[in-house]
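Colleague: Below, each chain spelled out in residue letters.
Protein chains: 2
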Amino acid sequence: MNASPKILAPGDTIGILGGGQLARMIALAAAPLGLKTHVYAPEEGSPAFDVATAHTQATYDDLGALERFARSVDVVTYEFENVPVYTAEFLARHVPVHPGAHPLGITQDRLDEKTFVSRLGIETAPFAAVHDEAELEAALDEIGRPAVLKTRRFGYDGKGQVIIREGDDAAAAFKAIGRHPSILEGFVPFEREVSVVAARTEDGRFKAYEVTENEHRHHILYRSTVPADVTPVVDAVAREIARRIGEALGYVGVFAVEMFLVVVDGTQGVIVNEIAPRVHNSGHWTLDGAVTSQFEQHVRAIAGWPLGAVERLGHVEMTNLIGDEADDWQALLEEPGAHLHLYGKAEARPGRKMGHVTRIFEE
Amino acid sequence: MNASPKILAPGDTIGILGGGQLARMIALAAAPLGLKTHVYAPEEGSPAFDVATAHTQATYDDLGALERFARSVDVVTYEFENVPVYTAEFLARHVPVHPGAHPLGITQDRLDEKTFVSRLGIETAPFAAVHDEAELEAALDEIGRPAVLKTRRFGYDGKGQVIIREGDDAAAAFKAIGRHPSILEGFVPFEREVSVVAARTEDGRFKAYEVTENEHRHHILYRSTVPADVTPVVDAVAREIARRIGEALGYVGVFAVEMFLVVVDGTQGVIVNEIAPRVHNSGHWTLDGAVTSQFEQHVRAIAGWPLGAVERLGHVEMTNLIGDEADDWQALLEEPGAHLHLYGKAEARPGRKMGHVTRIFEE
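Line by line, the protein sequences are chains Z and X.
First residue of the first sequence? That's 629 in the working numbering, and the numbers climb one at a time after it.
First residue of the second sequence? That's 629 in the working numbering, and the numbers climb one at a time after it.
No lab work stands behind these hints: they were computed from the structure.
Here the structure is a predicted model, which is why all the values come from computation and not from measurement.
Hints may contain errors.
Copies of the same chain look alike in the list, so a pair counts if it fits in one copy or across any two.
Taking lysine to aspartate or glutamate and the DMTMM-like style, the derived pairs with C-alpha atoms no more than 20 angstroms apart in a straight line are [said to hold, decoys possible]:
id	residue 1	residue 2
1	LYS803	GLU765
2	LYS787	ASP737
3	LYS634	ASP955
4	LYS634	GLU821
5	LYS787	GLU886
6	LYS803	ASP769
7	LYS787	ASP740
8	LYS803	ASP760
Using the sequences plus the hints, can you model the full thing?
Modeller: What follows is the structure, given as structure tokens:
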């Protein structure tokens with residue numbers, strides 16, 4: 629709707645779709661910059677409601693509530709990539725939405741995302757579209773086994789995917805993920821998982837944090853470490869990949885590019901796995917470990933403001949507190965220099981991200 | 629009301645009296661620790677309302693509102709020392725109030741405060757009580773000129789005080805401050821103003837940040853610098869003074885002791901000027917410049933939790949943004965490494981603290 633970038637002023641309001649910990653930490657970063665927040669989420673007692681200036685509890689297809697929300701804010705952003713595209717488009721008729729419906733649409737579909745990335749000449753795992761059993765068999769012949777079959781939409785933290793190994797029944801695997809339109813991806817023999825968290829403004833300014841090394845357990849991020857054990861060349865290449873992806877998406881805000889670190893003939897390289905069009909768990913270390921946190925950076929980017937410095941303050945480790953691990957809060961408070969972040973969630977279900985802790989070591 | 633210290637758990641609620649920037653920054657520090665906040669203040673649109681889980685807009689003598697507030701929170705604290713003592717005492721019948729009515733009462737009265745400090749054997753400026761012109765003349769004879777005449781109660785940022793110099797009409801000075809019960813203080817020929825920000829828990833644990841050097845302009849704090857230009861001995865003595873004051877007050881929470889740095893025969897020493905029973909402007913540097921901010925430290929102390937590490941992260945400068953100085957927000961956002969904190973106040977009146985900026989330099 630707007631030709632030239634809209635620049636917010638202190639006192640303006642950021643609208644946030646989604647009420648979880650990412651929205652909560654965006655709101656907490658907006659306040660010291662003099663900005664108000666309005667969180668829109670369907671769930672009662674959403675953690676972000678606790679710290680927002682205003683909140684609306686309504687569904688993403690409640691057009692009346694969405695319109696009132698749009699009229700009460702100066703820019704809209706979101707904390708998760710599964711916001712319906714029509715919701716983003718409806719809001720964009722009234723107010724700038726950053727990141728916009730375009731990156732949202734692409735990253736909501738694993739096939740569109742991989743196609744987009746590989747068309748930029750950036751390496752991904754080999755992949756093929758799967759609509760039925762016949763396509764799956766053809767894809768397996770081409771890509772080989774083991775391979776990973778994933779639903780194109782609505783997957784996160786390992787949900788909606790299944791590995792097909794030598795001897796596995798392909799049809800059974802397809803059934804297991806609900807016979808949804810899917811993508812078959814070749815299995816990448818990676819050394820480590822890394823990510824780049826980066827920010828881009830509407831007028832094309834770009835800054836990327838150093839490459840972060842990520843350790844997953846049960847498909848959920850367990851620990852991020854910075855600096856990652858990568859060569860300076862890989863660090864530069866990975867950031868450049870993020871820059872090109874951000875540019876091609878016309879992206880505004882913070883995003884993450886998840887990558888596999890592979891070693892071929894003794895040389896490190898990276899393969900892009902996934903784009904997250906939002907602040908990202910692997911960037912939580914920046915809250916205590918970088919000059920500007922990813923949350924402040926996101927606010928700056930969507931406000932049309934200058935991006936902050938991305939320098940690191942030491943050797944940083946961020947560990948998620950999953951489920952009842954958050955019960956250790958007292959021990960963590962006793963630990964000198966440990967920075968505790970709890971998300972204000974009432975119930976510690978298994979696998980639920982309840983908080984994280986950051987530790988910074990001198991180098 | 630409670631014999632053993634009450635220990636909060638994540639999910640509990642901190643009640644805060646007062647809705648300005650200090651309450652706002654306490655609320656912003658409470659959230660990452662998993663605590664909710666309820667801000668109680670009389671002023672519509674109080675800055676802290678924007679970030680609190682709940683707020684009540686009511687006066688400090690509205691007993692019905694106070695009782696509902698007390699029943700909705702797990703501990704009460706406040707952001708300013710002029711909370712009526714009867715309000716604190718009323719709330720304390722329902723819920724722990726930290727710091728309590730005792731330190732509140734003493735620090736609300738400049739004469740009680742100075743008497744309390746000097747009875748601890750800690751040096752203050754010479755002082756005398758003044759109820760009428762005759763007492764004022766006698767006090768001037770004893771203390772000499774120049775001297776500072778201050779109302780005993782409700783003074784801050786240079787309000788309610790007048791300097792009496794050689795030849796000045798003492799009666800006119802007394803009239804100028806409203807002939808209120810007052811204190812006459814000898815003029816201290818100080819080199820610099822410094823302060824200690826410290827925290828104490830109910831079971832006696834204590835931590836003090838390094839001595840901070842403070843520069844005032846027009847009686848309002850302009851800039852704080854850490855480390856202060858003081859000897860290691862003075863740093864240790866100043867922190868020990870804060871420890872003894874905290875101990876004698878049975879203090880729970882963060883407090884500040886403002887001091888004058890004097891040089892006698894080439895040797896530095898400190899004289900206590902004032903105690904602030906709350907987080908303090910001269911501790912704002914800790915938000916970006918220390919492992920644990922004074923706001924998180926205050927939350928930890930009143931929650932009955934372990935105190936955090938107070939180590940400094942570099943050479944730190946905190947500069948207040950007064951009145952229209954906050955209009956420079958865009959330039960400050962452009963400055964690499966400058967940490968901007970705006971308080972969300974709608975109107976930039978002259979002399980009003982609108983925000984601050986912290987700069988950290990490597991040592």
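Colleague: For a quick check of understanding: which of the numbered hints are violated here, in increasing order?
Modeller: 4
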